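Colleague: If you follow the hints, you should be able to join the two separate chains into one complex; please do so.
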Amino acid sequence: MRLARKITLLFLVPFVALLLIFGVRTARREIGIYEAQVSTDLVLTGRALRPAFAEIWRLEGEARALEVLAAADKDVSEVEVRWVRGDSGGGASDGPIVQIRPGGGGVGRAVVLLPVIEERIPHGAIELSRSLDREALLVRDVVRDKALGTGSALLGAIAIGGIIGTWFIGRPVRSLVLHARRIGKGDFSPVLRDHRHDELGELASDMNAMCGQLAGARETIRDETEARIRALEQLRHADRLSTVGKLAAGVAHELGTPLNVVSGRAKMITSGKLPPEAVAENATIIFGQAARMTKIIRGLLDFARQGAANKARTDLSAIATNTLTLLAPLSRKRGVSMTIEGAATPKLLEVDAGQIEQVLTNLIVNAVDATPDGGAVLLRLADEEATPPAGDDAKPGLYLRLDVEDQGTGIPKDDLARVFEPFFTTKDVGAGTGLGLSVAHGIVHDHGGWIAVESEERRGSRFSVYLPLSTPS
Amino acid sequence: MSAVRSRWRRLDPEQAPRILLAEDDDEMRRLLEVELRADGHVVFSVRDGTEMLEVLSDASRLPFTAPDVIVMDVRMPGYSGLHVLAALRAAEWTTPVILITAFGEPRLHEQAAKLGASVVFNKPFDVDDLRTALLHVIGDKAMSSGETKRIG
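In order, the protein sequence lines correspond to chains A and B. Number 20 in my numbering belongs to position 20 of the first sequence; there are no gaps in the numbering. Count along the second sequence from 1, then add 1000; that gives the number in my numbering.
One chain only, chain B, in its complex shape (with noise of 0.2 angstroms):
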C-alpha cells in the first residue's frame, strides 16, 4: 500500500493523475477527497450526477483541461452515476469510469460492464483496493497513450 502512494508522489504535480469525483454523502466524498489527494492526485469533486453533467459539459469549472479518470457513486440524486455513463459514451467520452454502489446486484454490475465501466465497487469496500484499481485503469489509459514512461 505505502509502495502505492510513495510511488505517485514523486510525481510532478503538473503530471498528477487528475480524478473527477461525484458522491452525494458528504462523510463519503470528504473521506474520498482527503485520501486521494494524500496519494498525490488531483481531486475535483461534485455532488451528484447532475452537477457532473454540468461540469463535464462546461469545461471552464474545472481546474483541469480534462479528467483522467471518474469516480462516481451510481445511487445519487438527480442522474444516476449509470445516466452520467451512458451519457459519456454517447458523447464518445472514452475517460475511464470507477462505480460505487450499495447494491450488488449482478444486473447492475453486468450495465455497468456493457456501458462501459472500468470497475465496479460494493459499498462498504476497502480504500486501498480503489487506489489498486486507479493505479491500473491510469496505466492503461497511459499505455494506451504512449504514456508509460510516466508510471515506470
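Pulled out of the complex, with its shape left as it was, chain A reads as follows (with noise of 0.2 angstroms):
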C-alpha cells in the first residue's frame, strides 16, 4: 500500500512540475500575443488619425486639431488618444514606439506613440492607450481552465495510480509479506497461488518452493531427532542394564564368598559330631560372615542412595582441612603424612558438604592405602579453566580443581579405566567394598563435575576432583 503510493507520487512529481512549467510558457506567450494584437490596432489606428491630424493643424490651428484628437479619445471606446508635446525619443524617424507600461492592479497598458514631424508644427507625438484588463482577463480564464484541468487529471492520475499500484504491487507484496511472516512463525504450507508472470510472481513461486524445502528440511530433522532420542534412549537402557549386571555380578561376588563360608560352617555344626568348642567357633566365624555381609549390603545401599543431595554454600578449603583432620590418626598409624596445599583461602561453592566430605575421605584413604610407610599424601585445592572429558555432559568453564596425590602403588593400565566400576577392588577380600570410588563418581556428577585418574605404576596416583565454581549472583 505503501510502496504504490510511493511509487505514484514518485512519478507524478516531475509530471506535475513539467505540467507548471509548460503552462507558465503557455500562459506568457497568450499574454505577448495579446499585447502585440492590442499594439498593432492601437498602431493603425494612429496612422489612420495622424495624417488627418497634422492636415487640420496645418489648415485650421492647434486647437482645431486638439478638438479631433479628443473626438477620436471619445470615439474609439477603451482607447484613449491624446497629444504629448515634445520629443518622443524617435529621433527623426516617424515610426511608431510600442511601450507597455505597468498600470494599476496588475493589468498593464499597451501604449503607442506615433510621432508627428511636420513643418510649423511642434514636436510632439499622438499618444495612444489601452488597458489590457479584457486580455488579462482572458488569459486568467485560460489559465484557470488549464489548472483545473490539470488538476483533475493528476487526481484521476494520483487515484488510478493508487488502484493500479495497490493491485498490482500493494496487494500482492501485501501478501508476500503476511506469507513471510507465516513462514517466520513456522507455518511451511505453500498457500501463495499466484500465477502472474512478472517479479512479484516469481517471488511468490520461489517462497512457495522455499517453503517446500524448509518443511521438508524440518521434516527431515524431526525424523533426525526422534532417531536420535530413540537412539539415546536405547543407549541409555544399555547402559542401565549394563550398570545393573555388573552390580548384581558384583553382589554375586561379594556374597558368594561369606555365603559360602556360612553355608560350609553351618552344615559342620549340623553334622552334629563337633566338640562344644568348635561348634561355638564355627558360630563366631557365621557371625562375622554375617556381619561382613551386613556392611556390604550397607554400601550398596549407600551407593543406590546418592542423589539426594543437600547443597549449600560451603567453603571447600573447610571441608579439605577437616577431612585432613579427621583422617589424620588413620595417616599416623600407617607412617604416611599427609600435606594440604592451596587452602588459606576460603572456596565458596554450593555443594552438599556431608556428600563432598565422603568423596573426601574415600579418596584420601584409598590414597594412603596405597602408599607405603613413609610416603607421602598431597591434597591441593585450585581454581582452573577445564574441559570435562568427551561424554561428560558437564560444560567447559571455571572448576575447583581438587587433587588427592600419592606416592603409592599406582593403578596398572588395564584396572585405570574400572576403578569407578561399581565392586571392582584390588583390595583384599574385606578391606574394601569396591564402592567408594563407585560413590564418588556417583556424587561428583551430581554436582556437576567429575573426577579424572592418572596414574604410573610404582609411581603414584592422582585422582582430581573438578567442581564447578558457582558464578557469583
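Hints should not be assumed to be uniformly reliable.
Stated by the list, open to error - Heads up, simulated DSSO-like pairs for lysine-lysine below, C-alpha to C-alpha not over 30 angstroms straight-line:
hint: 1; chain 1: A; residue 1: 395; chain 2: A; residue 2: 246
hint: 2; chain 1: A; residue 1: 311; chain 2: A; residue 2: 347
hint: 3; chain 1: A; residue 1: 333; chain 2: A; residue 2: 295
hint: 4; chain 1: A; residue 1: 74; chain 2: A; residue 2: 246
hint: 5; chain 1: A; residue 1: 395; chain 2: B; residue 2: 1114
hint: 6; chain 1: B; residue 1: 1114; chain 2: A; residue 2: 246
Since the hints were derived computationally from the structure, they do not count as laboratory data. Just so it is clear, the structure is predicted and the values come from calculations on it, not from any experiment.
Modeller: Below, the structure written as C-alpha cells:
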C-alpha cells in the first residue's frame, strides 16, 4: 500500500512540475500575443489618425487639431488618445514607438506613440493607449481552466495510479509480507497461488518452493531428532542394564564367598559330631561373615541412595582441612604424612558438605592405603578453566580442582578404566567394598563435575575432582 | 557323603591325595582346608595367584613333590585363577584344576573349559559337591596313570 503510494508520488512529482512549467510558458506566450495584437491595433488607428491630425493642425490651427484628437478619444472606446508635446524619443523617424507600461491592479497598458514630424507643427506625438485588462482576464480564464483540467487529470492519475499500484504491487507485496511472517512463525504451508509472470509472481513461486524445502528440512530434522532420542534412550537403557549387570555380578561375587563360608560352617555344626568348642568357633565365624555381608549391603544402599544431595554454600577449603584432620590418626598409624595446599583462602561452592566429605574421605583413604610407610599424600585445591572429558554432560568453564595425590603403588593400565565400576577393588577381600570410588564418582557427577585419574605404576596416582565454581550472583 | 569320607580315611597317609589350594578369602580358605583335611587329603594353601605360580615354579616350598589336583578361586588379587591355569597349560602341566568363581558367566565357563579346567564351581556351592568332584578328578587321574587299585 505504502509502496504503491510512494511509486505514484515519485512518478507524479516530475509530471506535475513539467505541466506547471509548460502552463506558465503557454500563459506568457498568450499574453505576448495579446499585447502584440493590441499594439498593432493602436498603431493602425494612430496611423489612420495622424495625417488628418497634421492636416487640420496646418490648416485650422492647434486648437482644432486637439479637438479632433479629443473626439477620437471619445469615439474609440477603451482607447485613450492624446497629444504629447516634445520629443518622443524616436529622433527623425516617424515610426511608432510601442511600450507596455505597468498599470493599476497588476494589469498593464499598451501605449503607442506616433511622432508627428511636420513643418509649422511643434515636435510631439499622438499617444494612443489601451488597458490590457480584458486580455488579462482572458489569460486568467485560460490559465484557470488549464489548471483545473490539469488538477483533475492529476487527481485522476493519482487515484488510478493508487488503485493500479495497490492492485499490482501493494496487494501482492502485502500478501508476500504476510506469508513471510507466517514462515517466520514456522508455518511452511505454500498457500500463495500467484500465477502472474512478473518479478512478484516469481518471488511468490520461489517462496512457495522455499516453503516446500523448509518443510522438508524440518521433517528431516524432526525424524533425525526422534531417531537420535530413540537411540539415546536405547543407549541409556543398555547402560542401565550394563550397570545393573555389573552390580549384580559384584553382589554375586561379594556375597558369594561369605555365603559359602556360612553354609559350610553351618553344615559342619549340623553334622552333630563337633565338640562344643568347635561349634562355638564355627558359630563365631558365621557371625563374622554375617557382619561382613551387612557391611556390603550397607555400602550398596549408600551407593543407591546417592543423589539426594542437600546443597548449600560451603567452603571447600574448610571441608578439605577438616577431612584431613579426621583422617590424621589413620595416616599416622600407617606412617604416611599428609599435606594440604591452596586451602588458605575460602573456596565457596554450592555443594552437599557431607557428600563431598565422603568423596574426599574415600579418595584420601585410598591414597593412604596405596602409599607405603614413610610416603606422603598431598591434597591440593586450585581454580582451573577446565573442559570435561568426552562423553561427560558437564560444560567447560571455571572449576575448583581438588587433587588427591599419592606416591603409592599406582594403578595398572588395565584397571584404570574400571576403578569407578561398582565392586571393583584390588584391596584384600573384606578391606574394601569396591564401592568407594563408584560412590565418589556418582556424588561428583551429581554436583556437575567429574573425577579424572592419572596413575603410573610404582610412581603413584592422582585423583582430580572437578567441581563447578558457582557464579557470583 | 560319609561313605565318600570313610573311603579316603582308610588310605595310607603316604598315598593320600595332595591338594594345592589358592583362595584369597581367609575364612573361605580355612573352611576348605578344614573340610578337605577332614577327608584325609594333604592340603597346602596359598593366598593368591602370584603365590601359586611361585610355589609351582619352586617345588622346594611345597610339602609334597607335585599336587594331584589344584583348587583355585578365579578372582584373586594379582594373577587370576584363569591366568594361573593358562600358565600351567602353557608349561604343559596336566594336573587337574578345579576353579571356584562367584561369576556364573557363561563366558567364564567357556574360557575355563577351553583352558582345560576339570570343573567350575559357582559360589556359594556345597562342599560335598566339591568332595564328589575331587573324587572323580583324582579317580580319573589314577585310572589314566594305571593306579586304579588305589581308589578301588
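Colleague: Which earlier hints can't be squared with this structure?
Modeller: Those not satisfied are hints 4, 5.
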